[in-house]
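Number of protein chains: 2
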Amino acid sequence: MNFHGANIYEYTGRIIDFSSNINPLGVPESFKKMLLNSLDEFTRYPDINYRALKEDIADYIGLKDSSHVVPGNGAVELLYKAIGKSGKKKVIGLAPTFSEYSRAASFYHMDFISAAAFDEELQQVDIDYIAGSADRDSVVVICNPNNPTGTLVTKSQMVRLAGRLQEKGSRLIIDEAFMEFTPDYPANSMISELQNYSNVLVVKAATKFFGMPGIRLGYAVCQDSIWLNDIKEGLEPWNVNTAAVIAGRSVFKDKEYIRRSQEWIEEERKYLYDSLSRIEKIKVYKSSANFHLVKLLDERTDAWKLKEKLLQHRILIRTPEGFEGLNGQYARLAVKDRESNEMLIKYL
Amino acid sequence: MNFHGANIYEYTGRIIDFSSNINPLGVPESFKKMLLNSLDEFTRYPDINYRALKEDIADYIGLKDSSHVVPGNGAVELLYKAIGKSGKKKVIGLAPTFSEYSRAASFYHMDFISAAAFDEELQQVDIDYIAGSADRDSVVVICNPNNPTGTLVTKSQMVRLAGRLQEKGSRLIIDEAFMEFTPDYPANSMISELQNYSNVLVVKAATKFFGMPGIRLGYAVCQDSIWLNDIKEGLEPWNVNTAAVIAGRSVFKDKEYIRRSQEWIEEERKYLYDSLSRIEKIKVYKSSANFHLVKLLDERTDAWKLKEKLLQHRILIRTPEGFEGLNGQYARLAVKDRESNEMLIKYL
Numbered sequence: 005m006n007f008h009g010a011n012i013y014e015y016t017g018r019i020i021d022f023s024s025n026i027n028p029l030g031v032p033e034s035f036k037k038m039l040l041n042s043l044d045e046f047t048r049y050p051d052i053n054y055r056a057l058k059e060d061i062a063d064y065i066g067l068k069d070s071s072h073v074v075p076g077n078g079a080v081e082l083l084y085k086a087i088g089k090s091g092k093k094k095v096i097g098l099a100p101t102f103s104e105y106s107r108a109a110s111f112y113h114m115d116f117i118s119a120a121a122f123d124e125e126l127q128q129v130d131i132d133y134i135a136g137s138a139d140r141d142s143v144v145v146i147c148n149p150n151n152p153t154g155t156l157v158t159k160s161q162m163v164r165l166a167g168r169l170q171e172k173g174s175r176l177i178i179d180e181a182f183m184e185f186t187p188d189y190p191a192n193s194m195i196s197e198l199q200n201y202s203n204v205l206v207v208k209a210a211t212k213f214f215g216m217p218g219i220r221l222g223y224a225v226c227q228d229s230i231w232l233n234d235i236k237e238g239l240e241p242w243n244v245n246t247a248a249v250i251a252g253r254s255v256f257k258d259k260e261y262i263r264r265s266q267e268w269i270e271e272e273r274k275y276l277y278d279s280l281s282r283i284e285k286i287k288v289y290k291s292s293a294n295f296h297l298v299k300l301l302d303e304r305t306d307a308w309k310l311k312e313k314l315l316q317h318r319i320l321i322r323t324p325e326g327f328e329g330l331n332g333q334y335a336r337l338a339v340k341d342r343e344s345n346e347m348l349i350k351y352l
Numbered sequence: 005m006n007f008h009g010a011n012i013y014e015y016t017g018r019i020i021d022f023s024s025n026i027n028p029l030g031v032p033e034s035f036k037k038m039l040l041n042s043l044d045e046f047t048r049y050p051d052i053n054y055r056a057l058k059e060d061i062a063d064y065i066g067l068k069d070s071s072h073v074v075p076g077n078g079a080v081e082l083l084y085k086a087i088g089k090s091g092k093k094k095v096i097g098l099a100p101t102f103s104e105y106s107r108a109a110s111f112y113h114m115d116f117i118s119a120a121a122f123d124e125e126l127q128q129v130d131i132d133y134i135a136g137s138a139d140r141d142s143v144v145v146i147c148n149p150n151n152p153t154g155t156l157v158t159k160s161q162m163v164r165l166a167g168r169l170q171e172k173g174s175r176l177i178i179d180e181a182f183m184e185f186t187p188d189y190p191a192n193s194m195i196s197e198l199q200n201y202s203n204v205l206v207v208k209a210a211t212k213f214f215g216m217p218g219i220r221l222g223y224a225v226c227q228d229s230i231w232l233n234d235i236k237e238g239l240e241p242w243n244v245n246t247a248a249v250i251a252g253r254s255v256f257k258d259k260e261y262i263r264r265s266q267e268w269i270e271e272e273r274k275y276l277y278d279s280l281s282r283i284e285k286i287k288v289y290k291s292s293a294n295f296h297l298v299k300l301l302d303e304r305t306d307a308w309k310l311k312e313k314l315l316q317h318r319i320l321i322r323t324p325e326g327f328e329g330l331n332g333q334y335a336r337l338a339v340k341d342r343e344s345n346e347m348l349i350k351y352l
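Chains D and R supply the protein sequences, listed in that same order. Sequential numbering from 5 applies to the first sequence in my numbering. Sequential numbering from 5 applies to the second sequence in my numbering.
Bear in mind the hints are in silico, worked out from the structure with no lab data behind them.
Given that identical chains are not distinguished, each listed pair holds provided it fits within a single copy or across any two copies.
In silico DMTMM-like links for lysine to aspartate or glutamate, alpha-carbon gap of 25 Å or less: (1) K309 <-> D51; (2) K287 <-> D123; (3) K236 <-> E14; (4) K257 <-> E45; (5) K311 <-> E328; (6) K94 <-> E237; (7) K285 <-> E312; (8) K259 <-> E197; (9) K89 <-> E237; (10) K313 <-> D51; (11) K36 <-> D51; (12) K285 <-> E125; (13) K313 <-> E284; (14) K89 <-> D115; (15) K290 <-> E124; (16) K89 <-> D234; (17) K311 <-> E45; (18) K257 <-> D44; (19) K236 <-> E328; (20) K93 <-> D234.
Could you put the whole structure together from the sequences, leaning on the hints where they help?
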């Protein structure tokens, strides 16, 4: 079973890929330019301490002290280690959510508890319910905004959750892989609150927002230097490659790319939501991320049948395997550029 | 403590780096060309199964079945997992050797036994001594040619070791990171013998010989699909980045780069050896790799003092920390291009 749904390498020819949540603005020019000027850096090992990279990340997220940053070979590597090194016995996550959290739990022989914490419209997460489920043996993992529902936990709610978990001796890992796509970013990022909550660790993927998942760059941020060091010791030396270091040194400063991306997501998320809303037999959930979860209301069809039909038009969608708690009536659709979005709507 | 010796990022300005063992021919043009033509591939996730990459690797090393190949984010990641997933309780390694094997052993709570298996000239490894030390709870790790001594175990010796370990129920991991630099490559690589020894796993670094350690690409090859699968399951998804995939698709077919590199290493290894041999107060060990271990015979100096002196001439050498069994009289010198080698000799 492929836990990550569609794999575009299984298809030949040009495919419009609505299954992966990537910025359609593509690779930032700032990165291309620096890469071309830095090809000879591949001849060296990266700095084993990644000092310059950590400072660039700290600058970008408004952190004074770059020693609280640990870069990784993509966010997933850091999520695994953060869960495994949390010192806890059980992982509490949302349902549905990204499948890697429960895979990480089972990898480290920890229990995984799926909390039924969403309202019916998948717009709210019941913070009190989650806090009530946790104890001193628990680490809670929240994907914010959540994949695949697009649900956003606001900063004030997250602060409340962090505080209640702190009182209980529980830890909290927040996966902010899609946070830059949310309205008013960074209004709901918890990074600015970390100094008050040493039980909280934030993991971010550097590459999704900047259109480059192939780069493999993520980072973890936390005030608890013991937790952070345990994660660091679990990583192999030189885990972050030179192309990722070059990305970190270029894209975070690319204000133009960031501005254009925010304009695009605001406009196209609304366009895709409104267009999907007008389609009978599809229920679309409001999202704060760069994808929409949809429910197929016609029970004679399902996500896999829809996928096959759309593939005839070279369109690939994300079927629900790997998202626990979602049956075959659900599919996830990435927000893409206008032309692709129109194509999707046309064939739906 | 920095287990990997010198870190060039601690120095400013231009440094001739004799501390890292990298092909001075630099980044292959074939890679640069393909990278420039493939920049848009960063916008996708790499193939989670790395099918095309595995086939390119299999072609390069003359393996029929690419399912016996597991690619990794550098060779070190694979060495760690291969040791950790060997199912054994103790690791037997050479002394001196690359420090990551004993770090991996301690990471997985395994004992590490340093076998005193070298002759005085560091030219031979006593295969029978190593085989005699192993039992069914052992995994032997041999770096071939060995870092930092440059000692080559020939294929016939290695076949004998593999057979004796097979009889005993022990496993053998061979780190062939520097194998392409040896005379008559691939004469002494064990990859061609793997079909007879399912207890043997070979790890190779793709990037050292091709001058690009920053790329992070390594691979493990083994006939035992259970061992290999255990390693694969210990790796995070998309562990190999897109730049590494592009490297794998370009450099292995770059016959011109391979030929020029082999010519360079034959010539410059001999030149550096002969030149070092003529220096009084330095003993140089014969090497089959792209570096020479030297012993400082003047007891009033040591490797750190020499390093400081050479740094005044912008030359960086590898001091012996991290190589167990080497005292401060030893240093490792990479074979570089003629101009750099002459500079080193001049200031020594």
